[in-house]
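K.L.:
The listed protein sequences derive, respectively, from chains L and R.
For the first sequence, the tail end lands on 618 under our numbering, and the numbers increase by one without skipping.
For the second sequence, the tail end lands on 1618 under our numbering, and the numbers increase by one without skipping.
Heads up, a few of these hints could be off.
To be verified - With a straight-line cut-off of 27 Å between C-alpha atoms, the simulated DSSO-like cross-links for lysine-lysine are: (1) 608/L - 1344/R; (2) 605/L - 1041/R; (3) 1344/R - 344/L; (4) 326/L - 1576/R; (5) 1436/R - 1408/R; (6) 1605/R - 538/L; (7) 1608/R - 501/L; (8) 537/L - 1605/R; (9) 344/L - 1605/R; (10) 605/L - 1436/R; (11) 605/L - 1408/R; (12) 605/L - 1326/R; (13) 1608/R - 389/L; (14) 1408/R - 608/L; (15) 1041/R - 525/L; (16) 608/L - 1389/R; (17) 1436/R - 608/L; (18) 326/L - 1389/R; (19) 1408/R - 326/L; (20) 608/L - 1605/R; (21) 1414/R - 326/L.
Since the hints were derived computationally from the structure, they do not count as laboratory data.
There are 2 protein chains.
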Amino acid sequence: MSTESVAPITSPIQDYLQELHNRYADLREGDVATYIPELAKASPDWFGICLVTTGGHVYEVGDSREQFTIQSISKPFVYGLALEDNTRAEVLKRIGVEPTGDAFNAISLEAGTGRPRNPMINAGAIAAAGLIGGKSQRTRLKRMLDMFSLHAGEEVGIDQAVYRSESETGHRNRAIGHMLRNFGILTEPPDPVVDLYFKQCSISVNCRNLAIMAATLANRGTNPLTGRHAVRGEYVESMLSVMGSCGMYDYAGEWLYRVGMPAKSGVSGGVIAVLPGQLGIAVFSPPLDARGNSVRGLRVCDDLSRFFDLHLFNNPHASKAVVRLKYSAAQVNSSRVRTQEEAKVLREHGGGTQVYQLQGNLALSTTEVVVHEVMSGLNQVRALVFDFKHVLAVNESASRLFCQLLMKLHGQGKHVLFTNIGRVPQLRSYMKAKLKAQFALLFRSFEDSDTALEWCEDKLLAEILPREKIEDPLPQSAYELFAGLNGAEVQTVTALLERRKFRSGEIIVQFGSPARELFFVASGKTSVTVMLSGGTKKRLATFSPGMAFGEMALLDHAPRSAVVAADTEVECDLIKVEDFEQLGESHPHIKIKLLRNLAVGLSRKLRKANLEISVFDY
Amino acid sequence: MSTESVAPITSPIQDYLQELHNRYADLREGDVATYIPELAKASPDWFGICLVTTGGHVYEVGDSREQFTIQSISKPFVYGLALEDNTRAEVLKRIGVEPTGDAFNAISLEAGTGRPRNPMINAGAIAAAGLIGGKSQRTRLKRMLDMFSLHAGEEVGIDQAVYRSESETGHRNRAIGHMLRNFGILTEPPDPVVDLYFKQCSISVNCRNLAIMAATLANRGTNPLTGRHAVRGEYVESMLSVMGSCGMYDYAGEWLYRVGMPAKSGVSGGVIAVLPGQLGIAVFSPPLDARGNSVRGLRVCDDLSRFFDLHLFNNPHASKAVVRLKYSAAQVNSSRVRTQEEAKVLREHGGGTQVYQLQGNLALSTTEVVVHEVMSGLNQVRALVFDFKHVLAVNESASRLFCQLLMKLHGQGKHVLFTNIGRVPQLRSYMKAKLKAQFALLFRSFEDSDTALEWCEDKLLAEILPREKIEDPLPQSAYELFAGLNGAEVQTVTALLERRKFRSGEIIVQFGSPARELFFVASGKTSVTVMLSGGTKKRLATFSPGMAFGEMALLDHAPRSAVVAADTEVECDLIKVEDFEQLGESHPHIKIKLLRNLAVGLSRKLRKANLEISVFDY
């Protein structure tokens, strides 16, 4: 079990990328593109692979830092910018979304309208470049470069040599520009637009940049390494859709069948693939096949998809895991300490208060599981707590379902409580917008499940237990620890007590201080809290009149392990450790009764704690 | 908070389907297909919507039970059967997977080979029907009907009137059959194959059947209502791929863009859509648009996708939630009760034993998160426990990663333990196949995290604590509860003890029996267990020599709340309740010391329990 003198280990994912690199490095199929002289300078041996997860982990092998020009892989990104800068309807009016089934260099304008069939062919890409917002050519270029830099997570620039080469030989694209102007798809002179398109294709990137760009799309537009927002989530789905149907030229069907991820390839030998929610992949290897796709790129993506089972349509059923934990107030209670009588009521009637601790991403299919389960067991339920502590995200569809459920349950006279909704601000905004004037009344939000449970428990106890007039302060003879003591015995002990008053908020017991007294609450409420590592305060217990606190440190002579503070104005009776010890000499029978009561109390708390552990660690 | 006299509430999902039905019921666009007389009899008013989740919940509105013929929606299912009955390579040799961009009635054979471009056009579907296995025509038909019945979850049959009508007017399809025979795509006389195809198109279904069929595909081939297996999971991805690229004729690109789910429509007015892992949708409404797709079907799917955010490419990042809980043996321990000295060692050194409680579906992207996290914090770790209790499924890619990680960690001298792997038999098979002779040595599998933790703790304690020679049985003076008693006091108490022996497996304390004694373990091990509602036994605690048990019931006079049994041959010393009580009269100072020790022990257990709760309820 020694941990010394061992080499650091590599990730098996890294190992596999290396294996793929070894497998295909010697493959000699395909030809480097030569249609512009600059591209022909690429080495057929360059070969890089990079995989980036939406968690921001990067795995790369080979020539993953070799620079090359982005070429057609720029197309979906500029299409995304066009969508952001215009309405979706305007973009769809000018650029279609149907695959052509044609080869990569086809012009494919729609008969009559002249609308390019899709944004992945050159005509559609030029039309998209024409939709980039900005008053001057310079602004448009800057906005485009900024957009690419956000996706890549570092500043990208233009390879001037390739740009000049593109510009000098780009007659076909200039022709397309004029055709688009002719049909009114471009509304301004076409040359500056085509020039912008040349620049877009000449952006210099490396394989690692491309994988991060792909991972940004997988991460709904937020760069997983920088955390910065590159494109609005709602447009990512459109970018991926055109990649899915038109990204691989006339290889789209087979690609979807074999690899099963939206993808885009470029003539310089790059290819990216996106597995939404999970990861982005990029391969760089200049030799191309007859369809214009990188030969090694296709092989690597094919193997990666098969080996790692990445096909998009192979998603297993994930909805079942949405309810992380479900319990009732008969099993788990708030940290408000209850009397024996109250505890009995909660044990017997707490089943009507149900807590659903939810987790993961709440969308239709996961939220449906919650709604269905809630509705199936509604008869006995009086209050429902939805705890969002472990929820990662809530989409609009899920917010709407919760809102509808809330209104329906309210109509049935049931309480619905939400906790930890600071994690899902969209839910709150949605509720506020929908519930309007009723928002304050209906949307009960609590900091955590502890406070929500306490609210439900109080409600239940108020209904079931007869409200006695509570004496304030409580007579000492009513202290729980004095159970079984006769009048004389009570007098003997109370003679040792010292009454102290605390203002609301005052610290009664300080963390780390020596344990010198046992406390009895005579009036008011006190709470025990600890500081968690994150700096947040966690409430461990709240005591009411009649209860004792501070006994654990008293027993084992350890320093105080938590802070006790007064929640309200508080009166306490203190008994000093020495006096408590001394009782054993002077009145052993009293001491025996007190110790026994102490042990019974601890034993009850332990039973309760064990029950809660069995719920939480089910 | 009254729960009386309120009407049952409907699911908001049901409500929305009803809303959609109301929205489009009066839509008067499109025409009922007339190419065969029987289809022309359909009412343009028929309109049903059904949504089925992979959890098996069904939501349906309108004419969801109206019978109609399946027509082209049969195509992906027969393609799945063709894949199951042949190798994938053989099927791909005869039927392509590229979209044609052509209209629904195009023949679209590949130039030269005569291979149909894809299995969603009639030529491809007839070729697929020709690949159904079975010696006789009758067997083939039966196998096909059985396959559809498994998908639908109930027996389906053929609408004879439609079949006759198809057969009488199907000249074009007969021509296709002969063309396919001509090119050798069909290897037998074409007429019986075309006849089988007519029958396949004439299968009578309703909208609910279709939605269940779609949900079966969403559920990787297992019908979510019957739990029966309809098609192998590996082929579902292929069926969905051809639906994704070719399922909606020349509307495929726009469909993917707008709706974003693999789908298939039929000329009788049905359309199905599949959201893998989540749900299946079917709409039935006979009027068709110019492309042959149901007008109301498209509108409903479009609205459903937008409203519920169902677009396949809009998956949020789910990988983060894979680690349900992570803790160390310094925070949580096995139910083996430890001495104070041992507990101290575990508190100080237990951090080197890490438990990862995993959850959900383990695939590449989720397992990568685990591997990455494990590898980032490896230095201090001596043992790792992977708990699969909350894991839903493990695919091959994830199994492989765990196997590779295991071998790497083993190479570093670290222990790797797996628990609850009964849930994921594939993981065990994978390990067995890969590790071969090393399997028994390397793959340490434990029933649960409790027993795995105990193994790690024992290993750690054996390394750190000097092994004293343990006297057997332990002298009574060494009992924990006697701490602080002098020799005479120990003698006084031990005079009250009665020694009893128990055979291994013998019940020492029965559940529900009255609490009459407190037990001290002199030799051997005893365990406390409770029966969980599911009928499984859960261990609460294991005691070693020197420890006492049975004290809680003794304190509160409740009946025994759990069973205590001997794990080995056991010797116990018993003290009767009466004798314990009597001690208070005869030797109050001894009683005070015993009660105090009891309370200290309870207090320690409570502190430990509270720490564990804070870990589990984080």
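K.L.:
Does each hint fit the structure? Answer for all of them.
P.N.:
To see whether the hints hold, each was checked on the structure:
| no. | hint | verdict |
| --- | --- | --- |
| 1 | 608/L - 1344/R | holds (25 Å) |
| 2 | 605/L - 1041/R | violated (73 Å) |
| 3 | 1344/R - 344/L | violated (36 Å) |
| 4 | 326/L - 1576/R | violated (41 Å) |
| 5 | 1436/R - 1408/R | holds (16 Å) |
| 6 | 1605/R - 538/L | holds (20 Å) |
| 7 | 1608/R - 501/L | violated (32 Å) |
| 8 | 537/L - 1605/R | holds (23 Å) |
| 9 | 344/L - 1605/R | holds (23 Å) |
| 10 | 605/L - 1436/R | violated (50 Å) |
| 11 | 605/L - 1408/R | violated (45 Å) |
| 12 | 605/L - 1326/R | holds (26 Å) |
| 13 | 1608/R - 389/L | holds (24 Å) |
| 14 | 1408/R - 608/L | violated (43 Å) |
| 15 | 1041/R - 525/L | violated (77 Å) |
| 16 | 608/L - 1389/R | holds (24 Å) |
| 17 | 1436/R - 608/L | violated (47 Å) |
| 18 | 326/L - 1389/R | holds (16 Å) |
| 19 | 1408/R - 326/L | violated (38 Å) |
| 20 | 608/L - 1605/R | holds (12 Å) |
| 21 | 1414/R - 326/L | violated (36 Å) |
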